[in-house]
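Residue numbers (this note's numbering), protein chains in the order written: chain L, 985 to 1470; chain D, 985 to 1470; chain C, 338 to 789; chain P, 338 to 789.
Treat the hints loosely; a few may be bogus.
With beta-carbon atoms standing in for the labels, derived distance ranges [to be verified]:
id, chain 1, residue 1, chain 2, residue 2, range
1, P, Asp365, D, Glu1102, 26 to 32 angstroms
2, D, Pro1359, P, Ala370, 25 to 31 angstroms
3, D, Glu1102, L, Ala1011, 32 to 38 angstroms
4, P, Ala354, C, Lys645, 29 to 35 angstroms
5, L, Asp1441, P, Ala354, 49 to 55 angstroms
6, L, Gln1437, C, Ala378, 18 to 24 angstroms
7, P, Gly394, C, Asn569, 39 to 45 angstroms
8, D, Val1186, P, Asp365, 27 to 33 angstroms
9, P, Ala354, L, Gly1424, 33 to 39 angstroms
10, D, Ala1470, L, Gly1424, 50 to 56 angstroms
11, D, Gly1188, P, Val526, 53 to 59 angstroms
With a Cα cut of at most 27 angstroms, we get these calculated DSSO-like pairs of lysine-lysine [claimed, not checked]:
id, chain 1, residue 1, chain 2, residue 2
12, D, Lys1190, P, Lys663
13, D, Lys1392, C, Lys645
14, P, Lys492, D, Lys1166
15, D, Lys1190, P, Lys645
16, C, Lys487, L, Lys1166
17, C, Lys663, L, Lys1459
18, L, Lys1190, C, Lys487
19, P, Lys663, D, Lys1173
20, L, Lys1383, C, Lys645
21, C, Lys492, L, Lys1166
22, P, Lys663, D, Lys1383
23, C, Lys512, L, Lys1459
24, D, Lys1459, P, Lys492
25, D, Lys1459, P, Lys645
Just so you know, the hints here were simulated from the structure itself, not pulled from any lab data.
The beta-carbon is built from N, C-alpha and C at its ideal position, and this holds for glycine as well.
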Amino acid sequence: MLIFEHAVEGRPSGAQYINGSQRDTQAENRIPEALRRRSSLNSIPEVSELQAVRHYTRLSQLNFSIDTQFYPLGSCTMKYNPRACNSLAMLPEFLGRHPLAPERHSQGYLETMYELQEMLKEVTGMRGVSLTPMAGAQGEFAGVAMIRAYHDARGDDERCEIICPDAAHGTNPATAIMCGYKVVEIPTKKDGDVDFEALKEVVGPKTAGIMLTNPSTCGVFERRIKEIAELVHDAGGLLYYDGANLNAILGKVRPGDMGFDVIHMNLHKTFSTPHGGGGPGAGAIGCSERLLPYMPIPVVGKEADSYRYLDQQDLPETIGRLSTFAGNAGVLLRAYIYMRMLGRVGMHRVAEFATLNANYLMVELEKRGFELAFPERRASHEFIVTLKREAKDYQMSAKAVAKRLLDKNYHAPTIYFPLHIPECLLIEPTETEAKEDLDGFVAAMVEILEEAQRDPDLVTQAPYTQPVRQLDDVKAARQLDLTYSA
Amino acid sequence: MLIFEHAVEGRPSGAQYINGSQRDTQAENRIPEALRRRSSLNSIPEVSELQAVRHYTRLSQLNFSIDTQFYPLGSCTMKYNPRACNSLAMLPEFLGRHPLAPERHSQGYLETMYELQEMLKEVTGMRGVSLTPMAGAQGEFAGVAMIRAYHDARGDDERCEIICPDAAHGTNPATAIMCGYKVVEIPTKKDGDVDFEALKEVVGPKTAGIMLTNPSTCGVFERRIKEIAELVHDAGGLLYYDGANLNAILGKVRPGDMGFDVIHMNLHKTFSTPHGGGGPGAGAIGCSERLLPYMPIPVVGKEADSYRYLDQQDLPETIGRLSTFAGNAGVLLRAYIYMRMLGRVGMHRVAEFATLNANYLMVELEKRGFELAFPERRASHEFIVTLKREAKDYQMSAKAVAKRLLDKNYHAPTIYFPLHIPECLLIEPTETEAKEDLDGFVAAMVEILEEAQRDPDLVTQAPYTQPVRQLDDVKAARQLDLTYSA
Amino acid sequence: MPFIPHTPSEIDQMLGAIGVDSIDQLFDEIPEALRIGELSAIPESMDEMEVSRLMQGRARRDGGALNFIGAGAYEHHIPAAVWQITTRGEFYSAYTPYQAEASQGTLQLIYEYQTMMAGLTAMDVSNASLYDGASALAEAILMAVRGNRKSKSRKVLVPGGVHPYYRDTAYAIVKNQNIELVEVPYSEVSGASELSAFDAYAGEDITAVVIQQPNFFGQFEAVDAITDWAHNNGSLVIGVCNPLALTLITPPGEWGQNGADIACGDGQPLGAPLSSGGPYYGYMCCTQKLVRQMPGRIVGRTVDLEGKQGFALTLQAREQHIRRSKATSNICTNQGLVVTASTIHMAIMGPKGLTRQAELSHANTQALADRVCQIDGVERVFEGASFHEVALRLPKPVAEVIDAMEDQGILAGYDLTQRYSELGDALLLCATETKTDDDLEQYAQALEQALA
Amino acid sequence: MPFIPHTPSEIDQMLGAIGVDSIDQLFDEIPEALRIGELSAIPESMDEMEVSRLMQGRARRDGGALNFIGAGAYEHHIPAAVWQITTRGEFYSAYTPYQAEASQGTLQLIYEYQTMMAGLTAMDVSNASLYDGASALAEAILMAVRGNRKSKSRKVLVPGGVHPYYRDTAYAIVKNQNIELVEVPYSEVSGASELSAFDAYAGEDITAVVIQQPNFFGQFEAVDAITDWAHNNGSLVIGVCNPLALTLITPPGEWGQNGADIACGDGQPLGAPLSSGGPYYGYMCCTQKLVRQMPGRIVGRTVDLEGKQGFALTLQAREQHIRRSKATSNICTNQGLVVTASTIHMAIMGPKGLTRQAELSHANTQALADRVCQIDGVERVFEGASFHEVALRLPKPVAEVIDAMEDQGILAGYDLTQRYSELGDALLLCATETKTDDDLEQYAQALEQALA
Ligand SMILES: Cc1ncc(COP(=O)(O)O)c(C=O)c1O
Ligand SMILES: Cc1ncc(COP(=O)(O)O)c(C=O)c1O
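Chain L on its own, in the form it takes in the complex (with noise of 0.2 angstroms):
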């Protein structure tokens, strides 16, 4: 039932109806009648609060999520969410702070900034970090934007090129688009490396840029990361790492060591604020020094024992403001918790057990008789397996494994993405899961495939536990039904 299908004209609104002055805003409303809305609200329904609580908390008990499933949803690093993150976040002077409210009274919140800012350098290996992005794609529109600003401030501008792998995130080319670039892809070799020899070819003096994750969305690492890097950079071009997820490299290795010359990261990534359905995020940009004028404002700076907002005056020739404010100060809070939590040697485990379970479950996997993408590579923090056998021999598709899946309580892997390998789940534990864990999940693998052998049907018309079964998509996009109406 919807909550529209709950409300009935004319419902007091009860405890949440403020009292307020003694005016008669009614009559103390000045706004002219012409400009008065005359349409009803009906769109928003009269239920009583018991009403609402009740519909919306059993709605949430219909969502998978962390709190309550093993999530092995590649390149999403679905890990614990510490709830101390939350209610410390969410105390009420946090809650209550205005963005603009004047930075004498706001040490206590810039301070965390700053400090967040520095812990995201040292990880990193980078010279600058803005805060503002409020999430992995408009971190990476920062990064871009940066290249292009330092290429015309050098008016450098025959470089209209972004090369971006053919296993790239879509946000990747949706970026360099925005940021007014071409697309150059370049093809992902049979171990998941770059093709280096095709890389070549298309670097040049039209290149602005590469975009590149490692390890890469295949799940493996680069090895050849320092040559593509030289080849690069000598043509003129800069990197852009995506650092949607650090989890395999945190405390191992340094986008900037690599060469990189911007990153953006995903703090509801690595580290670990939740994803919420959906978001917020937060997408901090890390940057070399040569792209230090450029960095989206505001970010905070230290003078003495005080710290502020450096905006357009300090950065002359910043890309400029992202958000309204300075991005999704919660998200940030809860990320800066989360470190502090981890601490130096904490940050180290977080990429050695990211990858032991990863490399744990690949191999478990394997030996069930999965067939992995990348059967001679270490996984990093993910990892893929490909269903192109069993799609083929009993309907077994990688859609299909992640409905049935969902009937044993695990949520699906990532699926049909990177796109080039075929029938694809990208499988990503991350370090807060236990063995046993693992081993359910693997068994659970396990039967389904033992399932698809005896009776394929069972596994392609799953789910069978859900609230829904399998849901028609086509009809949801030529039917366009976006809103209720009574």
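Position chains D, C and P with the ligands against the provided structure of chain L, taking the given hints into account.
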């Protein structure tokens, strides 16, 4: 799966392992060797924080609750528990206040408790209130102990009997015994009122008091209450009001005005503090002038503009202390906040709409063919349906209906209470439910009736949709399994 | 080892299964030269208790003042139930609802949200959110450029009364795509843009016109006339609105003859705390005609195998994960959790509750402005009505006044000299429904003192 | 109309269905003379925003000090996850799990709790909670009287080192049943009761002996010897323990040759905030032999129709709702939600985390006591070890010292002169793991000043 089945020996305890000072706590442990624990702590599971969060989040989802279901459990008053009461009662300063903090550091809390006492006096028509009892039953204990202290103080020590109606809540007779009294039971008449003639027979010089609730647990208002009060008072006895539930009378009629000498109130019913899966509650007591000296301590007093606890020194004849400190403070805060939101007018409305909902539900069920226990009477905040006929004709017992309702996503009413009405359902919708939910419940009852007529097994074997099917209570009691061992 | 559950013996078993001797060996594909030793600038781990104390201390430093700043972020009452439900694990720690069958909670909620927002703005459809108000305006401009096929100029008119940070953000985001944002001046009398200021562009190829209502000063624009002017001129209309204000004023879908084409803005006033500027969310609604140009996620209602109603992400071919370089935007992660809160907020407040908040915010602000204008030298900068902000001219430098009032525990407002120096010593104040009569009086007296 | 959802037209429909003209008519069975008009002493309704501001203000008045009071309620770290999960609607707003099939969450959790507590105390079984520590002791005494069939005296020995409020409460609750509580003096040297003090009762019919470990002063009793003495004397042994201390010290189930018969105490140190004294919970464990004498709810594991494991309330024939006047107690509502928190707390802290809390509390308290005993005139009242409380003798009236330290933002401890005037100017202090070295030093300096 039990939490213990997730445990693995040697699991690190993570961010909850407190670093603490530099001192070597092992070396500085001054506890004599002979007193140290030698046995293991393996009943405390070693699980990760994520495993614990996931386990208990999932467990919670197995429960019915007011936040997820209509819960018409008679005598239990499952009304909406406003979320504001929770968040305000859990403000950090309230949670951090030590019960023995100096009074000048406690004025905010004490003022609140004082005002709560005053409001409870007003709604009950009593002269004094003590907030210390921790649930209804302890309030009853306090009240009956006060009756005893009163008689004792007067040297009136022949009085060894407490009279209870057969319909009384089990805590009433159990409490009388705890206070060293004998229980004399009187029958309820066909119309739901106490059998006045039978009462006359038993009232006498041995009568310490009578415990009544009005409206009674039969869901009807005891019409001859004034006569009963006179009768008992004339015989030298006192009147105890079981005010577990004031939902039917709030702002309509007051126990003090009816002639009662002492009352307990379940703040966790009328004043909407949550039931928490079994508790905690708060069983504040109110009393008339003559019982004031005997109230349990501490009570909050006011002097000029400051507040302090009144203790043994102030109330030398007190029945004493019933809790380590001063009762369930957090529950009292919630009740206070709720009462302030209701306000003067809201109090009246609780009774009005609780009564409206109960009477509406009663007539609607009667119209659909269900038999009422007291068809000639108005419902109070609750009413009773008897399935005597249905149980005989189609095995549609009260228990079977209760279980089958779960399948229809309604919590069961109270069953088999009061004891003297066969196959009864005691139904209490409360004022916070909307008409549509009452109508839905009626429809579910009608469905079950039809099912039982068609296929009795369908109903007697219910539930089918819950985490477990009907449980074997006999096995539970015979083959006691009260703790897990690996 | 915070958050890592492995015991030593499990580690050994796992290494054995993999066939390596140490965890370190798992990193053997990384060139030796690149491997780092220690992150020496990262402080040592704090346990939860320590970090709690640290953060409580920091929070305390920033708290305690009475806030009268608005300027795009508004302090409103939020029912306690809203965030208690929103932070339930199943909402809080779920991913984007790609596996629809296991995400019906989030999906149905977004469908309900879309319905509420489309109704509030009187537009046909809504997406599932963008980042915030400013970036939503940028996306709206990009969308208008895609959507107005007849226009070639990529020129967009933006009044000077549009929130300056929105204008900055829109500029930063669209400039690389050869889109030109042209500033239309506002009147220093009314604080709004006169129709005549638009007339300067009559007949020119203008792709779109942006109108903020109420505008940054809280003043009202002539939305009907400007909308009709724009449509007559072949331009699309983008309405930027405080959604709470829409309970009182004409929604963009009803501006002029045909309504705005795109509505966007910041959802913050509908259930998001001030929280240092975020997370808020950008809402975006549009006409049915433009739906395929919309950026961001959209949820549709459909049926399952058995014909039962269900919800799923739809029109995904607009999005980067499918269409890559041809997507309507690069947006992926949005502000889902804040939308969750906002939807619950709207349901709990109801139309009456929201309207009351808007009315009281309006009344409080006007009453406070009236009151302080009795102080010598204090006057309204603009004529005409405003919603819940008022620009005041002060007889003393604004920064000094703000400082002096802060010393009295009051955040006095936004210093307009930062971006509108032409207005002189001007301050923008805002008093929402959270302010009592006492608070207003306290403000007035503090201002009197600060000016004395 | 807060919390009442009815619209005027629904009210009319409902009245029509009932066949009355007005709601008032539904009260027509109440004698006219008893009906009241208005509750004039109840203030007018506050909306949620107003009441929030009111309560925030009151809370603020009581906050801010550094707390060194223990005396039965201890400030410990509680992981944030604990109460976030506990206050989920499904735990928070459920009733007692009478309908087992719809309450498996609560029931399984209690079964886990029983397991944890039985293990911690080294007893066979646990119930599902009583109200608090003091009332649990009262129930334990009643239970011992029922359980010790051989004894007729109804006489129970209670050392003077048992928490005075526990003794008060036990007295208030058991006195009406002709039970006599006999105080066994404590030694002013050791702060514990010497075995010789018990020997005075050798050969007498004593129904039970109460031992608190550690006792109110934080000192340790000779539990093994006293337990054996009691058992040899035909008395049952009731152990009252701080459950957190049991991570370090011998649990009651292992006292002496055969262990205590009943263990009880306050569960507060295991996940309940100080919260002005409640809600906490009383735990109670006992030997298998006594299980049918136990008061309160008990959960058992069983199977369903299909043989699947499930949980249900069991042995209900002990309880008032079944057995009425023959019940083991009148208790009905218990402290379920706090038990929920406590169970989650124990699971998250784990044995290492809990042990660490206990060790640090011990170490901090001892270090602080050592430090302040360097101040002239300050000395320990008792010889021998203590857990995380220390009784100090001061060279100045305690009340004055407490006052002076409060002015410096420190709650110095419990004033022992209130109940133990024979000890002179004695103060009981407690420094749990929540106190840093800085805090201890701050305390010491404040005390120095207060005494100067
Ligand atoms: C590799 C990669 N790059 C970029 C992104 C985009 O990040 P966001 O969703 O925060 O915009 C993601 C996340 O989905 C990703 O996995
Ligand atoms: C009528 C009646 N009296 C007394 C009680 C006992 O209250 P409590 O459970 O709070 O001890 C109850 C509650 O169950 C009740 O309904």
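Do the hints match the structure? See the list:
1. Asp365(P) / Glu1102(D): 26 to 32 angstroms: Since the Cβ atoms of Asp365(P) and Glu1102(D) sit about 31 angstroms apart, the hinted range of 26 to 32 angstroms holds.
2. Pro1359(D) / Ala370(P): 25 to 31 angstroms: holds (27 angstroms)
3. Glu1102(D) / Ala1011(L): 32 to 38 angstroms: holds (36 angstroms)
4. Ala354(P) / Lys645(C): 29 to 35 angstroms: This hint holds: roughly 33 angstroms between Cβ atoms.
5. Asp1441(L) / Ala354(P): 49 to 55 angstroms: At roughly 51 angstroms between Cβ atoms, Ala354(P) and Asp1441(L) fall inside 49 to 55 angstroms, so the hint holds.
6. Gln1437(L) / Ala378(C): 18 to 24 angstroms: 54 angstroms Cβ-Cβ, so the 18 to 24 angstroms window is violated.
7. Gly394(P) / Asn569(C): 39 to 45 angstroms: Between Gly394(P) and Asn569(C), where Cβ atoms are some 56 angstroms apart, the hint is violated.
8. Val1186(D) / Asp365(P): 27 to 33 angstroms: holds (30 angstroms)
9. Ala354(P) / Gly1424(L): 33 to 39 angstroms: violated (54 angstroms)
10. Ala1470(D) / Gly1424(L): 50 to 56 angstroms: violated (19 angstroms)
11. Gly1188(D) / Val526(P): 53 to 59 angstroms: holds (57 angstroms)
12. Lys1190(D) / Lys663(P): Holds, at roughly 21 angstroms.
13. Lys1392(D) / Lys645(C): Holds, because 18 angstroms separates the two Cα atoms, which is no more than 27 angstroms.
14. Lys492(P) / Lys1166(D): holds (22 angstroms)
15. Lys1190(D) / Lys645(P): violated (53 angstroms)
16. Lys487(C) / Lys1166(L): Given pair Lys487(C), Lys1166(L) holds - Cα atoms ~24 angstroms apart, limit 27 angstroms.
17. Lys663(C) / Lys1459(L): The hint holds at about 23 angstroms.
18. Lys1190(L) / Lys487(C): At roughly 32 angstroms apart (the allowed maximum being 27 angstroms), Lys487(C) and Lys1190(L) break the hint.
19. Lys663(P) / Lys1173(D): The hint holds at about 25 angstroms.
20. Lys1383(L) / Lys645(C): holds (21 angstroms)
21. Lys492(C) / Lys1166(L): holds (22 angstroms)
22. Lys663(P) / Lys1383(D): holds (25 angstroms)
23. Lys512(C) / Lys1459(L): The hint is violated at about 38 angstroms.
24. Lys1459(D) / Lys492(P): violated (37 angstroms)
25. Lys1459(D) / Lys645(P): Given pair Lys1459(D), Lys645(P) holds - Cα atoms ~13 angstroms apart, limit 27 angstroms.
Taken one by one, the earlier hints fail for this structure at numbers 6, 7, 9, 10, 15, 18, 23 and 24, listed in ascending order.
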